[in-house]
Each structure stands twice: as structure tokens, then as C-alpha cells.
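A.B. asks: All chains, please: the whole structure from these sequences, using the hints.
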Amino acid sequence: MIYIFQQLLNALQLGSIYALIALGYTMVYGILAMINFAHGDLFMIGAFFCFLIAVYLHLSFVPTLLLSMLGVACLGVLIERLAYKPLRNAPRVSAIITALGVGLFLENFTLALSPYPQHIPELITNTTWNFGSLSISSLQIIVIVLSLVLMLVLDFIVHRTKTGIAMRAISWDKTIVPLMGVPVNKIISLTFAIGTGLGGAAGVMYGLAYPVIDPYMGIMIGWKAFICAVVGGIGNVRGAMIGGFILATVEIMVAAFFPSTYRDFVAFSLLLVLLIVRPYGILGKPQPQKV
Amino acid sequence: MKKSVILCLAITLLISTVFLISCSKNDPNTIKIGVIAELTGDVPAVGTSCKNAAEMAVAEINKDGGIQLADKKYKVDLIIEDNAGKADQAASSAQKLITQKNVVAIVGPNVSRYTMPAAEIAESSKVVLITPWSTAPKVSLDSKTNASKKYVFRACFIDPFQGRVVAKFTLDNLKLKKAAVLYDVASEYNKGIAEIFKEVYEKNGGKVVAFETYTTNDKDFSSQLTKIKKAAPQIIFLPNYYSEVPLQIQQAKRLGINVPFIGSDSWGSEELLKLCGKDCNDYYFSTHYAADAATPATKKFIESYKAKYGSTPDDVAALTYDSFGLLLQAIKTAGKNDRQALRDALAKIPQYDGVTGSMQFKEGSGDPIKSAVILKIKDGKFVWFANAKP
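Read top to bottom, the protein sequences are chains Z and G. Counting in this note's numbering, the first sequence runs without a single skipped number right up to 1040 at its last residue. Counting in this note's numbering, the second sequence runs without a single skipped number right up to 410 at its last residue.
Bear in mind the hints are in silico, worked out from the structure with no lab data behind them. Treat the numbers as computed from the prediction; the structure is a model and nothing was measured. Glycine is no exception: its CB is placed at the ideal position from the N, C-alpha and C atoms. There could be a bad hint or two in this list.
Distance windows between CB atoms, simulated [claimed, not checked]:
id : chain 1 : residue 1 : chain 2 : residue 2 : range
1  : Z       : 870       : G       : 312       : 23 to 31 Å
2  : G       : 206       : Z       : 894       : 30 to 38 Å
3  : G       : 294       : Z       : 881       : 34 to 42 Å
Some but not every residue of chain G turned toward chain Z, in silico, with C-beta under 7 Å [said to hold, decoys possible]:
id : residue
4  : 60
5  : 64
6  : 232
7  : 236
8  : 239
9  : 242
10 : 243
11 : 246
12 : 266
13 : 267
14 : 274
15 : 278
16 : 295
C.D. replies: Shown next, in the form of C-alpha cells:
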């Protein structure tokens, strides 16, 4: 019983990070119907910002987190303006190729600066509490709580503020909304800023939980987060959160009860089955093609 | 119609000129040796050590004008290729060195999973390949017949030996009879040594209570470690690369696992100490040589490496240096700048005393028989602890 609880805790930690990254995919898709494949690498940049700030500026955890988020958000907006905006009316494939290109650029840029894996110093002193055979570390709690707070804030912005209404309106119909006086470009930039900023936050938290970072760290986790977004129903903010926790739980539980070699195989087979049953994801709605 | 014919002709001409230029740079007064190293990718410290040691070895050879063969002195021309931590790039680097650069021999790659494709190409092109650090047995075995490859040599011991050393050390010296293993199932080296460890350990009275896997690039091991914790081992064997081990140890500690860890030669980079900090103190691992318990010849190598690069050479550097020593001796014996003669001379070397100790070669095999050492990590330093004879 304690064993299952311990594994659930592990899943919660991993799931929070997946969910934060998945949010970035889903927000951009929701508003532009475009998959930002550079998102995993922006997450990696977030971790590297965290490393640079912690090592060279010696700031404590909260300013490091905020500065990294801000840095990645700015980078996200810059990428949107330079790389994606000129292609907004181009065929969708062009945008996807551009996104992949931006991702490769970020990876290789970081690689050119430092090919070595880097170690993020301990920003928070970690303590582990033992309850019988159950171990809970303060880091685990921080990662989980902080991600939940960020997700709640985002949910509030999207569903309860004017900006959120504008975002949802743009994702509903891009031609009519500007006629209603909504500044489309500004809202799109803001969406990018929030989405990539959350990716940056995920990078920082990932860096704390798994303190060895390298330029390739964003690839695999980016793919997994993308899968989370699809499973939850891409374009749906709450779906991305649910998707993140589902994938993490499945991954951890498969490794917990089967030989760990089968982990990815079983986890992704289950997700395939889920997509067969619900092709639009858990919270996604079928979108009829307009003819 | 005519235009397109002219265009085709022009393109063909252009391509063949480029090809000719790239091939014609064949200076008869040099001996070309290629190096394939992991300069970028998941273990860049390995490639950097290899490159540094190679450059140092070649500089020493060229200092006195090069290698004296029958007619004149030949300088060594070193061509370094990056395999970027990818198996396909290791293969294309080998291809490039052999067909375009016309090297007489290749040193590297170092990581077994990258060496295997490069070794296949070297074998089929009949070019000598010496790998400094690949310990997986399959590297030097023919993939079809399972016989020894004719053109593939190495400067290090192989995993059946290393696995036995670690298993015996755990049982006899540490007296721990319940072990767990966590290894990368997608990597040839990690998988091979984990399986050998299990076999030897259980044959000699130990018990492997958990045998867990992950795949390359995973960063979260919490599920596997929780499972290991439940199995309550007395020690955990981590035959994984230096960039992964710190994460595994830190996560284990966070999950309240308080047993010691033990590792293999993939731990032996200074980078491990930087990434792991005090978390890795007091653990043991097996490796190729101990910088602090060196013989005079080894000390000389260590001193000049330190003077040149400002850090203690790790095992990859020392083994690369030995690979060049082997090559040098073989070229001298062969007496000419020729691939086949070099291979025949190399195969006839019965014993070579390098900076990583004495290696003996058996007839028909490129795998040396040599001893291993056990190092202990103490206050952020690698300290010699024990020797293990073959």
C-alpha cells in the first residue's frame, strides 16, 4: 500500500512537469492551430537560464524562477514574431517545418556554447521526511505545489479574465474576432509568452528535480508532453493538465508492476488504445471540417 | 535539349573535380591517422579526453621529425572527426576517414554503442581500428560468424572481465550478498556488463534482488528506484555513464535509499565529480588505471598531460595514449605506410607496456588481457583502492 502511494507521489512529480510543458503546446495550438515543435527546446533553454542565473548571479530560488520564466517568455515572443508570424497564412506544413527548424537551432546553439552536461546547484535545501518506508522530499512537494499553483493561475486567466476571453475567441474564429476590436497580434504574443513562460518554469523545476541538464534534454520530454497534450485533447487547457498526469501515472505504474523494460511499450500502447476510443483526446471536441 | 545535356555535363564535371580535390590531398610524406571521438552528444567529456590525448601523442611523435621508416621520416597527420554521440554519425565518420581522407588506421570511437557500427565498416574496408575505451565484447566480434574481427583492436579489457571484477569485489571485499542493478537497456555496454555482473554474482553466492532498466536519455528513475527500495538490497550497481549516475544517486537518496553504490569504468570521468558533488563520496568503481598510484612511465604521461591541459588525464585519455603507442610500435615494425602491413604487425605484438599497465594479446584476438583497478571516490577525488588481476 505504501509502495503504491510512494509511486503515486513519483507520478505526481513527473506529471506536474509534463503538464506544464503540455500547456505550452496546447495553448499555441488552441490559438493558431499550429504545433510549436520548438517548445521542448524552449523548456531546455529555461533549464539553462536557471543554471546561468543560479551560477553567475547567485540568486535564490524565487528570483531565479521568475527571471527564467521571463527570459523564456521573451524568447518565445521573439520566435513568434520572427519565425511564425510571417508564415501565419502559409500552408500549415511550412509552419511545422519552421518550428522544427527553430527547435534544432536552439539545440545546436546551446550545444555550440557548451556541449557538456551542466549541474544546477542546490537552490533549495532538500530535506527528506521518512514515514515508515514512505519518503517524501521537500523538493517533491515544491515541484508539485508550484506546478498546481501555476496551472490554477493559468486556468483563472483563460476562463475568468478579458484576455482569456479574447484568447478563446481567437481560437474560435480568427476572421470575425478582429472586427470586434480584439488586438489579435497582441493576444497571440501574450499567448506565446504565457505558454513558453510555463515551459521555462517547467525547465527550472525539472532542473531542480533532475539537476544534470544538457542541450538534448528537451527532445524526448518535448515529445512526451506533446503526447500528453494530444491525449488530453489538444487545444484544451484542462485537457493538457489531465494528459500530463495520465502519462506520468501510466509510465510510473507500468515500471512499478512490470519489468521496467516494458515501460514505454506498455505506456504508449495504452495511450494508442485511448486515442482509438477517443480520437480527439479526453476533453477534446470533434471539430467538423468547414467546407 | 542541348542545354540540359550541357548542364548535366557541367554538374558531373563539378562533382568529379570536388571529389578529385578531396582525394588528391594525399601527401606521401605523412602517415594519416584518423580519430573518431564523442566531442558533442551525451558524453562530451569522453570525446574531449580522447582528442586531447591523441593530439598530445601525435605532438610527441612529430617532435623529433616523425616516424623513421626505411627510407625517410614520416610525420603523423591527425584527422579528428566528431561522432556527435550518434551511431550513424560514427559510421559515416569512419567511412569518410577511410575513403576520402585515406587514413592508415583509426583510433576510436570510445563508447561501445558508437564503436560497433564504425568497427563494422573498418573491418569490411580492411582498415585497422583501435578503440581505446569500448569494453563491450561484441565490438571486436564478427556480427555473423561470432569470430574475432581481423582489423579491430582495443586498448582496454572487456566486460566479461570487468563484470567479474565488480561482482567479486562486492562479494569478497565489501561482503555484501544482496545487490540491485539499474542499467540502460538501450546501450550495449551497460546491458552487457549488468548481465555479466548478475551471472557471476549469483554463481558465487550473491543474490540480485532487483534488476531494473531504463532507456538512454531518461532522467526520471523514481519508479525503478522505489521498486529497488522495496527489494531492500545492500548495495546498488550502476554500470551507467558519468552524466546519468549523479541523477540516479541523488534520486535514490531523495527516496530514502541509504545503501552504498558501486560502478564500472563509465564512472571514471572528472565530470562525474563535478556533477555529483558530495553525493558520490565513499563509493567504489572499477576502471583501467589509477592516476594516483602510477608507475614512473605513467607519471611522466600524467605530468605532461596536466601541463598541457590543466587537468588529470582520465582513463579515456590514458587509453587513447596507449592506442597511439600501440599504433606507433606497429608502424615501426611494419616498416611502411600501408594498411595491410600495419594490421599484420599489430596482430603480432604479443605484449605492450603502456601507461595503463601491461597488455597481453592472444593470437588471433584484438582484445588485450590486462588488470583492472578499483577506485574509491574520497572527498571529491578518485583514490586507488585495490588491484584486480586477470
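A.B. asks: It remains to establish, for every hint, whether it holds in the given structure.
C.D. replies: Evaluated hints:
At about 28 Å, the CB distance of residue 870 of chain Z to residue 312 of chain G agrees with the hint of 23 to 31 Å. A hinted range of 30 to 38 Å for the beta carbons of residue 206 of chain G and residue 894 of chain Z is consistent with their spacing of about 34 Å. At roughly 36 Å, the beta carbons of residue 294 of chain G and residue 881 of chain Z sit within the given window of 34 to 42 Å. Taking 7 Å as the C-beta cut-off, the interface hint given for residue 60 of chain G holds, the closest approach to chain Z being about 4 Å.
Annotation: residue 64 of chain G was flagged as interfacial toward chain Z, and the flag holds, the nearest CB pair being 4 Å apart, inside 7 Å. With 7 Å as the threshold, the beta carbon of residue 232 of chain G comes within range of chain Z, its nearest partner Cβ sitting at about 5 Å, so the hint holds. Hint status for residue 236 of chain G: violated, given a least beta-carbon distance of 9 Å to chain Z, over 7 Å. With a cut of 7 Å, the hint placing residue 239 of chain G at the interface with chain Z holds, because the nearest CB-to-CB distance is about 4 Å.
Look at residue 242 of chain G: its Cβ gets to within about 4 Å of chain Z, closer than 7 Å, so that hint holds up. This hint holds: residue 243 of chain G has a C-beta 4 Å from the nearest C-beta of chain Z, less than the 7 Å allowed. The criterion of a C-beta within 7 Å of any C-beta in chain Z is met by residue 246 of chain G, whose closest approach is roughly 5 Å, and the hint holds. At its closest, the beta carbon of residue 266 of chain G sits 6 Å from a beta carbon of chain Z; the interface hint therefore holds under the 7 Å criterion.
The interface hint given for residue 267 of chain G is met, as the beta carbon of that residue sits about 5 Å from the closest beta carbon of chain Z, less than 7 Å. At about 4 Å, the closest approach between the beta carbon of residue 274 of chain G and any beta carbon in chain Z falls short of 7 Å, and the interface hint on this residue holds. At its closest, the beta carbon of residue 278 of chain G sits 10 Å from a beta carbon of chain Z; the interface hint therefore is violated under the 7 Å criterion. The interface hint given for residue 295 of chain G holds, since its Cβ lies 5 Å from the closest Cβ of chain Z, which is under the 7 Å cut-off.
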